[in-house]
Amino acid sequence: MLEHLVPILAGALAAATPLIFAGLGELVTERSGVMNLGVEGMMSVGAIAAFAAASHSGHGATLGLPAGALAGMLTALIFAFFTLSLAANQAACGLALTIFGVGLSAFIGQHYVSYSLPGLAGLNLPLLADIPVLGPIFFRQNAVVYLSLLAFAIVAWVLAKSKLGLMLKAVGESPESAHAIGYPVLAIRYGAVAFGGAMAGIAGAYLSTVYTPLWVQNMSAGRGWISVALVVFATWKPTRLLLGAYLFGGITILQFHAQGLGIAVPVQVLAALPYVATVIVLVAISRDKRLLQLNLPASLGKSFLP
Amino acid sequence: MNPQQEPRLSLLHITKRYPGVVANSDVSLSVHPGEIRAVLGENGAGKSTLMKIIYGAVKADEGEIMWNGRQVDIANPAQARRLGIGMVFQHFSLFETMSVVENIALVLDEKFDLASLAVRVKEVSERYGLPLDPHRLVHNLSVGERQRVEIVRCLLQKPQLLILDEPTSVLTPQAVRKLFETLRKLASEGISILYISHKLDEIQELCDSATIMRGGKVTGHAVPREETSASLARMMIGRELPVCEAKPYTGEPHTVLEVRGLSLPADNPFGTTLKDISLTVQAGEILGIAGISGNGQAELLMALSGENPVSMDTVLLQGKAIGHLDAGQRRDLGLVFVPEERLGRGAVPPLSLARNALLTGHRLAGMKGWGLVNYSKARNFAKECIQRFDVRCNGPDSAARSLSGGNLQKFIVGREIMLAPKLMIVAQPTWGVDVGAAAFLRQTLLDLSRSGVAILVISEELEELFEISDRIAVLAEGRLSAAKPRQQTDAESVGLQMSGLFDTTTPEASHASA
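Taken in sequence, the protein lines are chains A and B.
Position one of the first sequence corresponds to residue 1292 (our numbering), numbered consecutively onward.
Position one of the second sequence corresponds to residue 10 (our numbering), numbered consecutively onward.
Isolated chain A, as found in the complex (with noise of 0.2 Å):
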């Protein structure tokens, strides 16, 4: 028994690692009172400009990620101008720049199919990766893995604790009193859609160079919708935002070993297994009304022109 649980919960972290960054980014745009559906064509821009960096470059990972996160802030930047500068429906837009960026990752990227890049190994962190069972879940995953961690610790501690994170809350529940009392809600706001941006392009960059170090097209592969599901569900906080990631991670891993099983279930059946266990179980945890309209930014998906 535990010699299978011990692979599918260390592979859970490492599935998991895309969503959280994704998913912060997006909660961080979202407590702006900015949504951004645009979350899997940034991804994917975010995938295919790291796979074009890391490929050419030689560097792999470490350069890919940040020519992942400059492309997806890049593609973030253009919802902006859109949405916040011209004031258009931030919806339309974000579906629009899914389109765009589904499709322009898969333009790039036909050169790069059949290409793939040497990944990323674990670091095997000296003492705690030899402890039984804890040592290979926990300590033996990649670099990125704990990156995503640290992103986690950092988004939370700001939303939660910091001037910034009360600005946010502020320019997402009333643009206009923000106004009002000074703060400049427009730069605000493009400064959570860039950071979106930047970490859905992270997002992207850690599918096409860690987790699968090769190109194929539609990489993001429904993720970053997911990742939009996950902040609403996760009621805008970031822990259960982690334990919902979490959560697709572990039963992403589980189906693939149930495929490798020979289960007598439809392989389509069991893929589609985490996107429904997810929802369901994160629509079961938030239907709390209360709980949900406390925590919804209130200017959510509205306009705001000073």
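Be aware that one or more of the hints could be misleading.
[Unchecked claim] Computed, partial: chain A to chain B, Cβ under 7 Å:
#, residue
1, A1451
2, K1454
3, L1457
4, E1464
5, S1468
6, A1471
7, I1472
8, G1473
9, L1538
10, R1581
11, Q1584
[Claimed, not checked] Covered by chain A, according to a simulated footprint, are these stretches of chain B (three or more residues, beta-carbon under 8 Å):
#, stretch
12, 76–88
13, 109–117
14, 245–256
None of these hints come from the bench; they were simulated from the model.
The model shown is predicted, which means the values in this text are computed figures rather than measured ones.
Cβ atoms here follow ideal geometry from the backbone N, Cα and C, with glycine treated the same way.
Based on the hints, put chain B in the right spot on chain A.
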């Protein structure tokens, strides 16, 4: 106040134009250290624009601002705050889901330390008689408490000038008295205060001096205590204050609306739970419901209008149980409703008046047939409404949003009256309406009631309720006090009830509140 002293703030020849309207034209005024100066004027007189210019939220086209003798250019609110200008907004700029101390921390340019700030908030709030718990969430606070947060927030920035925009519109008379004590104390410490209001009695009680504005221009400076209400009113609106006339009702009295033990849990965390509300409205009378918004007004209106149907037997129209009916079904039975929000709920902003008339007028014979609308009938209906109710506009094809607040309200009220209702429910009938239109609307409601229609008015303006109501009840914290004839009550006791101090009619409820 010492007239020899240099003024703290002087505005010199300020002009601000918006497309099609001059909001401020050659406005000059000054305020000295320790002086409480009123800026008196009607809605639309340009007071708010002027204050926004001082606070840096709007930029003047012409004119100069002198601050402590130096010319300054106030580019944004943050700069105004750095100079020492604090502003308490009419519509609070607080964040509902945050605590008091978090709200305050957001405007202070200092090291972010909530724990030590909470201590200072408590100190300042107690020193000025504005008790506050720094850790409570704002959405749990009453309107009066929210205003305290705004004021304490300003005081912590150590302002030299405090601007208050219509600060008493949401306060009980008792809370107004406490606010005035605080303001006098601040003035005695040398803080200058600009007090914006259209309430003559308050200005006479509180202010050392007044600048009166009308139509964007200064029409006079005065010492309010040396003036009469009539002379101030003349400067403010250019003529005497109009008064309403209530004839006695001569028809047969009978109950039109009865609400029996209506209880309704709040449907969201920011809402109010209605607790055991009972009331009656007779034909030929106006029942006024006083109280500060947020005490269940919105919920009660939704339940009465039918936007939020309730259990069948709690609402009765002429003896018929209608609680379960929706708004349209209730309208078919002769219940009409004029909501507080004119644009968006009372009328569709971009649609013409004729089409807006159709929204409720389609019930009348001939307006529709065979599933089609008879637009010429609708236009005639709107035309008649415009004439009868003195709506100033460019005819039945002008868009609802092109009308001023007063004229649109006249149109909406007129539209409903032309449906020959049995019961009219009106929320804040004269909110944001100029004095002339307000007097017209009040007289229209009085005349309508004397023709045998039952009217329920929910309003925050006590003066208005005392002017038109036959009986007055108070809605506070979701409970309704027993209605009293107007002659048997006064603003003082209604004010006490507005803070929730009353026994309801049912024995167990009175026990609970004792």
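A1471/A as an interface hint toward chain B, with CB separation required under 7 Å:
With a minimum Cβ separation of about 4 Å from chain B (threshold 7 Å), the hint on A1471/A holds.
Using the nearest Cβ pair, does G1473/A come within less than 7 Å of chain B?
This interface hint holds because 4 Å falls under the 7 Å limit.
Holds or violated: R1581/A as interface residue toward chain B, Cβ cutoff 7 Å?
Where the cut-off is 7 Å and the nearest Cβ of chain B is about 5 Å from R1581/A, the hint holds.
Under 7 Å, Cβ to Cβ, is where I1472/A needs to be relative to chain B, so tell me if that hint holds or is violated.
5 Å, holds
Restraint check, 7 Å cut-off on beta carbons, for L1538/A near chain B
With a minimum Cβ separation of about 27 Å from chain B (threshold 7 Å), the hint on L1538/A is violated.
Okay, the stretch 109–117 of chain B and chain A, do three or more residues pass the C-beta test at under 8 Å?
holds (count 4)
Quick one, is the E1464/A hint okay against chain B at 7 Å, beta carbons?
5 Å, holds
Quick check: the stretch 76–88 of chain B, covered by chain A? Criterion 3+ residues, Cβ under 8 Å.
This one holds; 3 residues, not fewer than the three required, reach chain A with a Cβ under 8 Å.
Taking the closest Cβ pair, is K1454/A under 7 Å from chain B?
Given a least distance of 4 Å, the restraint on K1454/A holds.
Does Q1584/A meet its interface restraint, that is, does its C-beta lie within less than 7 Å of any C-beta in chain B?
5 Å, holds
Chain B contact restraint for S1468/A - C-beta distance below 7 Å
4 Å, holds
Mind checking the CB of L1457/A against every CB in chain B and telling me if the closest is under 7 Å?
This hint holds: L1457/A lies near chain B, its Cβ roughly 6 Å from the closest one there, short of 7 Å.
This entry does not satisfy hints 1, 9 and 14, going by the numbered hints stated previously.
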